[in-house]
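Participant: Below, each chain spelled out in residue letters.
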Amino acid sequence: MFTYTILILLLPFLSFLVLGLFGNKFSHRVAGLIGTTSLGAVFLLSCYTAYEYFFAVGRGAAGVYEALVPYNITWLPLGTLHFDMGVLLDPISVMMLIVISTVSFMVHIYSFGYMHGERGFQRYYAFLSLFTMSMLGLVVATNIFQMYLFWELVGVSSYLLIGFYYTQKAAIAASKKAFIVTRFADMFFLVGILIFGYYTGSFSFSFVNELKLAEGATAFVPVDAARAVAAGGLLLPTALTLMFIGGAGKSAMFPLHIWLPDAMEGPTPVSALIHAATMVVAGVYQVARLFPLWIAYAPQAMSIIVWVGVITAFYAAAVAMAQSDIKRVLAFSTISQIAFMMVALGVSLPGHEAVLDNHAQLGYMAGMFHLFTHAMFKACLFLGAGCIIHAVHSNEMSEMGGLRKYMPVTHWTFLFSCLAISGIPPFSGFFSKDEIITACFQYSPLVGWVMTGIAAMTAFYMFRLYYGIFWGTENKEAHAHHTPHEAPWTMTLPLIFLTLITVTCGWGVNFGSFVSASGLDYPIHLDTQIAITSTVIAIVSICLATYIYKGERQPVADKLQSAMPRLHQWAYKRFYMDEVYQFITHRIIFAHISKPIAWFDRHIIDGFFNFLAWGTHELGFQIRGFQSGAIQKYAYVFFLGVLALLLIMIL
Amino acid sequence: MNFLSIFVAVPLLMLLGLWLVKDQKGIRAVMVAGSTVLLIAAAVLTVMFLKERAVNDAEMLFTASFDWIKPLHIKYSVGVDGISVAMLLLSAVIVFTGTFVSWDMNKEYFLWFTLLSAGVFGFFISIDMFTMFMFYEVALIPMYLLIGVWGTGKKEYAAMKLTLMLMGGSAFLMCGIFGIFYGAGGLTMNIVDIANQTNGAHAIPVQVQHIWFPLTFAGFGVLGALFPFHTWSPDGHASAPTAVSMLHAGVLMKLGGYGCFRIAMYLMPQGAQDLGWIFLILTGISVVYGAFSACVQTDLKYINAYSSVSHCGLVLFGILMVNQVAATGAVIQMLSHGLTTALFFALIGMIYGRTHTRDIREMSGLMRIMPFLAVCYVIAGLANLGLPGFSGFVAEMTIFVGAFEHADTFHRFLTIAGCTSIVITAVYILRLVGKVLYGTATNEHHLHLTDARWEERFAVICLIFCIAALGCAPLWVSDMIGTGVAPIVDHINTFVTNASFNPFMK
Numbered sequence: 014m015f016t017y018t019i020l021i022l023l024l025p026f027l028s029f030l031v032l033g034l035f036g037n038k039f040s041h042r043v044a045g046l047i048g049t050t051s052l053g054a055v056f057l058l059s060c061y062t063a064y065e066y067f068f069a070v071g072r073g074a075a076g077v078y079e080a081l082v083p084y085n086i087t088w089l090p091l092g093t094l095h096f097d098m099g100v101l102l103d104p105i106s107v108m109m110l111i112v113i114s115t116v117s118f119m120v121h122i123y124s125f126g127y128m129h130g131e132r133g134f135q136r137y138y139a140f141l142s143l144f145t146m147s148m149l150g151l152v153v154a155t156n157i158f159q160m161y162l163f164w165e166l167v168g169v170s171s172y173l174l175i176g177f178y179y180t181q182k183a184a185i186a187a188s189k190k191a192f193i194v195t196r197f198a199d200m201f202f203l204v205g206i207l208i209f210g211y212y213t214g215s216f217s218f219s220f221v222n223e224l225k226l227a228e229g230a231t232a233f234v235p236v237d238a239a240r241a242v243a244a245g246g247l248l249l250p251t252a253l254t255l256m257f258i259g260g261a262g263k264s265a266m267f268p269l270h271i272w273l274p275d276a277m278e279g280p281t282p283v284s285a286l287i288h289a290a291t292m293v294v295a296g297v298y299q300v301a302r303l304f305p306l307w308i309a310y311a312p313q314a315m316s317i318i319v320w321v322g323v324i325t326a327f328y329a330a331a332v333a334m335a336q337s338d339i340k341r342v343l344a345f346s347t348i349s350q351i352a353f354m355m356v357a358l359g360v361s362l363p364g365h366e367a368v369l370d371n372h373a374q375l376g377y378m379a380g381m382f383h384l385f386t387h388a389m390f391k392a393c394l395f396l397g398a399g400c401i402i403h404a405v406h407s408n409e410m411s412e413m414g415g416l417r418k419y420m421p422v423t424h425w426t427f428l429f430s431c432l433a434i435s436g437i438p439p440f441s442g443f444f445s446k447d448e449i450i451t452a453c454f455q456y457s458p459l460v461g462w463v464m465t466g467i468a469a470m471t472a473f474y475m476f477r478l479y480y481g482i483f484w485g486t487e488n489k490e491a492h493a494h495h496t497p498h499e500a501p502w503t504m505t506l507p508l509i510f511l512t513l514i515t516v517t518c519g520w521g522v523n524f525g526s527f528v529s530a531s532g533l534d535y536p537i538h539l540d541t542q543i544a545i546t547s548t549v550i551a552i553v554s555i556c557l558a559t560y561i562y563k564g565e566r567q568p569v570a571d572k573l574q575s576a577m578p579r580l581h582q583w584a585y586k587r588f589y590m591d592e593v594y595q596f597i598t599h600r601i602i603f604a605h606i607s608k609p610i611a612w613f614d615r616h617i618i619d620g621f622f623n624f625l626a627w628g629t630h631e632l633g634f635q636i637r638g639f640q641s642g643a644i645q646k647y648a649y650v651f652f653l654g655v656l657a658l659l660l661i662m663i664l
Numbered sequence: 088m089n090f091l092s093i094f095v096a097v098p099l100l101m102l103l104g105l106w107l108v109k110d111q112k113g114i115r116a117v118m119v120a121g122s123t124v125l126l127i128a129a130a131v132l133t134v135m136f137l138k139e140r141a142v143n144d145a146e147m148l149f150t151a152s153f154d155w156i157k158p159l160h161i162k163y164s165v166g167v168d169g170i171s172v173a174m175l176l177l178s179a180v181i182v183f184t185g186t187f188v189s190w191d192m193n194k195e196y197f198l199w200f201t202l203l204s205a206g207v208f209g210f211f212i213s214i215d216m217f218t219m220f221m222f223y224e225v226a227l228i229p230m231y232l233l234i235g236v237w238g239t240g241k242k243e244y245a246a247m248k249l250t251l252m253l254m255g256g257s258a259f260l261m262c263g264i265f266g267i268f269y270g271a272g273g274l275t276m277n278i279v280d281i282a283n284q285t286n287g288a289h290a291i292p293v294q295v296q297h298i299w300f301p302l303t304f305a306g307f308g309v310l311g312a313l314f315p316f317h318t319w320s321p322d323g324h325a326s327a328p329t330a331v332s333m334l335h336a337g338v339l340m341k342l343g344g345y346g347c348f349r350i351a352m353y354l355m356p357q358g359a360q361d362l363g364w365i366f367l368i369l370t371g372i373s374v375v376y377g378a379f380s381a382c383v384q385t386d387l388k389y390i391n392a393y394s395s396v397s398h399c400g401l402v403l404f405g406i407l408m409v410n411q412v413a414a415t416g417a418v419i420q421m422l423s424h425g426l427t428t429a430l431f432f433a434l435i436g437m438i439y440g441r442t443h444t445r446d447i448r449e450m451s452g453l454m455r456i457m458p459f460l461a462v463c464y465v466i467a468g469l470a471n472l473g474l475p476g477f478s479g480f481v482a483e484m485t486i487f488v489g490a491f492e493h494a495d496t497f498h499r500f501l502t503i504a505g506c507t508s509i510v511i512t513a514v515y516i517l518r519l520v521g522k523v524l525y526g527t528a529t530n531e532h533h534l535h536l537t538d539a540r541w542e543e544r545f546a547v548i549c550l551i552f553c554i555a556a557l558g559c560a561p562l563w564v565s566d567m568i569g570t571g572v573a574p575i576v577d578h579i580n581t582f583v584t585n586a587s588f589n590p591f592m593k
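Quick mapping for you: the protein sequence lines, in order, are chains R and L.
Residues in the first sequence are numbered from 14 upward in steps of one, following my numbering.
Residues in the second sequence are numbered from 88 upward in steps of one, following my numbering.
Read the hints as simulated data drawn from the structure, not as lab findings.
Glycine included, every Cβ here is placed at the ideal spot set by N, Cα and C.
Do not take every clue at face value.
[To be verified] DSS-like mimics (lysine-lysine), calculated; alpha carbons at most 25 Å apart, straight line: (1) L:194 to L:138; (2) L:109 to L:194; (3) R:586 to R:572; (4) L:522 to R:608; (5) L:522 to R:182; (6) L:241 to R:608; (7) R:563 to R:418; (8) L:112 to L:242; (9) L:194 to L:242.
[Unchecked claim] Cβ pair distances, simulated, as ranges: (10) L:127 to R:620: 30 to 38 Å; (11) L:269 to R:661: 54 to 62 Å; (12) L:529 to R:574: 46 to 54 Å; (13) R:30 to L:134: 21 to 29 Å.
Start from the sequences and build out the full structure, keeping to the hints where you can.
Facilitator: Given below as C-alpha cells:
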C-alpha cells in the first residue's frame, strides 16, 4: 500500500528532466502539455493518497492517524548517523500533498494562457516541475536532513523562476536577493540540524507518534531527546530556535522578509505558486513538523515564535496599506498571513506533562487549517492579479480602477477571495482565522486583541486593493487606448476552481478531524463570542474601506495621505528595511570585510612572497661578487681568514 | 608488471606516440586513445577494487614492490586503497576531458600535459614515500613550461611564482620525508610499513614527530592552497591555459590534501594529534578568507581561484578533524572540488577564447549569445555553491556532520565559521552569474560570438554528468572512500591528543 507515492515525486522530476534537456525540441504546446499532464497525474495521485490515508486506512487502534513510511532508504551514511531519503505520510504531510498538487496543477493550467507566446516557455515549465518535485519532497521528508535537501532545492527553483526574465535588471537583483537571504537563514537551519543530529543521535522524524514502517524501509533510529536534555537542557531549544530562523527566512518573517516583495518580479503564476501558497509556508510546515519537540522540550522558546509572528503580521499589514503595486500588496498580505500561522503554532500551550492535547494546542490545528485555506484563496488572488496584469499590462493601481465591467469572472472570484481573507463567514478564511484568534486569546488576551486588530487591518487593505482595482477612479485614458478584456478560459478556470474550494471548505470540511495536535478527532466549534466580535470588526473595516475607496473621487484617502505624509512615506518605503540591508551588505560587508581581505591578500601576503623572491634575487646579486675569479682577491680573503683564525687562537 | 603500473605506462606510451606522430590529427588520435584507455582502466580498477575489497581487508590492495635504489631502501612500491582509487578515477576523468578542451593545442603542449598526468597517476598509485615524491616533482615541473609558454597575461611572472612556491613546499617536504625515514629507523620508505611498525609506541619518537609533522604538512599544504601559502593559486590559475588550469585545480591541488592525509598525518599521528590545531585554524581561515576574497574579484579566473582556496581549505579542514565521517567528507570534497573546478575552468577558458576578456565588468548577457555555455556555467555555479543533487552538497554536509562530532568549543567555533562559507559562496557565485550571463549584452563585439563546438560540449557534459552522478548517488563512492579512510583514522586515533599543546582547548 502507498507504494505508488514514489510516483508523486518521480513524475515531476521526469517532466523536469525531459523539458530541461530536450525542451527546445518541443513546441510550446507540447512542452506545456508534458508539464501539465504529469502534474495532473500527481494531483490525482495525491487525492487518491489522501483518500486512502484518511478513509481506507483510517484511524489506528488508538484513534489516531498513524504515520506511515512506505519508503526509507539510506542515501548517505554518516558514521553512526545516516542521511535517509523516503516518504513519510502523516496527516500534515498528506494535507500538504493536496495543497501543493492542487495549486501547482492550477498554476500549470493557468500558465498556458498567461505565458502564451513567451520566450523560454519550455524552460518555464521545466522549472515549475522542478519546483513542484522539490516541494513535494520537502513535505514527505522522513528526516530533517531530507527536508533540508529539498529545502535548498525549492530555494534554487525559486531563484530560477524569480529570475525568469533574466534580461531585466530588477529580476536579476530580486532573484539574487531571494536566494542569498534565504541561504543566510538556511545556514542557521543547518547548524540547528547539526546540533540536533549530534545530541539526539538521529535526524529522523521518528518522534511523530506511531510510526509504521513498510517492508524494506530502513529502520528509524529513535530520537534520543533525553540525551540532549541531559547534555545541557538548553541544547534542544537552541537547535529548534536555529531551525526556526531557517524557517523564518523561507517564510519571510521579519526581519528576513525583505526578499519576498522583490520576488514579485517573477511571472505572476510563479508568485501564486511559490511565493504565496507553497514555498513560503515551508517554514510554518517545518515548525509544525517539529511541533512535538517544541512542546515537549522547548515550550518557553515558543514565545520567540509568537513575537516574531506578531511583529511580522503587524509590520506587513501596515506596509500593505500604503503600497500601490497590486502584487506588492498581495506579497505583504502573504507575509502577514504566514505570520498568523506562525503565531498560531507559537501560542500552543504545553499540555499536562508535555502530552499533546487538542485543546491546549488548538493553535496547531488552526495554523495548519489557515495554511490550507490561505493557500487556496491567496493563490486565487494572485492568479486574479495575473489576469488583471495580463489585461492592463501594468502592476500599478493607478492604471486600473473600474475593471469590474470588463472582467466579470476575475472580479467575482477576486471579491470572494477578499472576503475569505478578511474573515467573513461563510468563506473558508473566517473559520481558520477564527480558530487562530481563539487560540491567541487562550494564550494571552494581549496577543488575542493584537491579532484581532491585525485581522481588521487585513480586511481594510484587502478592500482598499479590491476597490482600487475594480471600482474607484478608472484610468479611462489608458483603458480607451487599450480596452481591458477578460482572460482566456485556461486562466479563469483555475480561478473558479480555487474560489469553489474557498467558498466551501470552511463549513464543508471539519478540518479538525483530519489534522489535530494529538491526532485524535477534534470537532471544530466556533467560539461564538470571538466569532461575532471578529466578524463585526472585519465588516466595520470593510465598510470603512468602502467609504474611503469606492467612489470615483476619494477625498478621504487624499486627506489622510496629506495629513500624515511622513507615515505614508515610511509605510510606502516599507519602513526603510531594504535600505538597512543595503547598508549592511554593501557598506559593511563588501567595503569593510571583503575589500580589505582582498587587499591584504594581494599586498601583504603576496607582497611577502614577492619580497622573499626579490630578497633572494638581490642576495644572489650581492654574493655574486665573491665568485669573481680573481686570484688576488681570493688570496686576500684567504690571508684575512688565516689572520682572523690566528687572532682567535692567540686570544 | 603490476596492473597498477598501467597508469604510468600508458602516459609514457602516449609520450612516445606523440613524439612519433606528425600532424594534428595524429596528436588528437593519440591523446584521445590514451586518455580513453586511462579512463577505462580507472573504471575497471574501481570494479576490481570493490570486488577485491569485499573479500580482502588488507589496507592496500594490488600491491607490488620492486627494488630501485637498494642502499637507501627506496623501492618502486604500488598499491591502492579506497582513497587512491577515487583519486585515480578523478584524474582519469580530468585528463580525458582536458584532452577535448585543449583540442587545438600543438604537440609540445601535449607532451608536457601527458608528462604531468603521468606524474599525477604515479603519485596516487605509489606507496613508497620516495617514489611518491619523485612523481610529485614530475607533476610540478611541466607546470612551469605549460604556463610560461602557453599561458596568457603575466605568464612568466605567474609561472615563476607558482613553481618557486611549490618548490619551496617541496623543500619542506623532502626534509619531512627524510625526517620520517630516519625517525622510523631508516629501514623502509614504504608508508604502510612505517605506519605499522608499532610495538606499543609509534616507531617515530614524539619529539621527532613534532618537528617533521608541521614541515611535511605545510609542504603538502602549499599545493593544497593552505592559507597563507595560497597566493600562487590566483596568479597561476589566471595565467594557465585552460586544460592546465583544469588539471591543476582539478587534480594537482588534490595531491596536497592526499599527501597531508597519507603521509603527514598517517605517519606522524602523535604530531597530528598535538599540532593539528595550528593547521585547523589556518584551514578555517582559508575557508572564510577565500570566500570573502572571491566576493570582490573582477576576473573570472581569480574568482574561481579564490573559491578554490575556500573549498580546498574545507578538504584540509575535514581531514584535520580526524574522524571517519569528516575525513570521508574531505575525500569526497576532493572529488567534488576537482570536478566542479575543472568544469569551471573549462567553461571560463571557452568563454575567454571567444570574448577575449575575463573581466566580469566587460561582459553581460552571454545567456542569449552562447546559451549552452551559459547554462552550463549556471549549473557549475550552482554545483559550486553546494546545491543538492550535485557533489558539493554531499561533500560539505559530510564534512560538517563529521566536524560536529567534536563537542568542544574550539572545534565548534571553527565548524560554524566554516558553515558561513556556504552563504558567502552563494554571494560571489550569484554576483558573477547575474553580471556575466544575465542581462542584455552591452558589448557589441560579443553579439555574433558562437556557442560551444562539439568537442567542448562533450567535455562539459562529461564533467556535469560526473558531478550530478556523484551528487545523486553518493552511497557507493562514500562507502569505497570510507574503507580507505577507516584504517588511517583509526591509526591516528589510537594516539591521544596532548591538549597542553593547544591553548584554545584549556
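Participant: Decide, hint by hint, whether the structure agrees.
Facilitator: Cross-check of the supplied hints:
1. L:194 to L:138: Judged against 25 Å, a Cα distance of about 39 Å means the pair is violated.
2. L:109 to L:194: With Cα atoms ~9 Å apart, residue 109 of chain L and residue 194 of chain L stay inside 25 Å; holds.
3. R:586 to R:572: Holds, at about 20 Å.
4. L:522 to R:608: 19 Å, holds
5. L:522 to R:182: 10 Å, holds
6. L:241 to R:608: Cα-Cα ~23 Å, so holds.
7. R:563 to R:418: Cα-Cα ~15 Å, so holds.
8. L:112 to L:242: Cα-Cα ~28 Å, so violated.
9. L:194 to L:242: Holds, at roughly 20 Å.
10. L:127 to R:620: 30 to 38 Å: 47 Å, violated
11. L:269 to R:661: 54 to 62 Å: Given range 54 to 62 Å: violated, Cβ gap about 34 Å.
12. L:529 to R:574: 46 to 54 Å: 40 Å, violated
13. R:30 to L:134: 21 to 29 Å: Given about 27 Å between the Cβ atoms, the range holds.
Comparing the model with each earlier hint shows violations of hints 1, 8, 10, 11 and 12; every other hint is respected.
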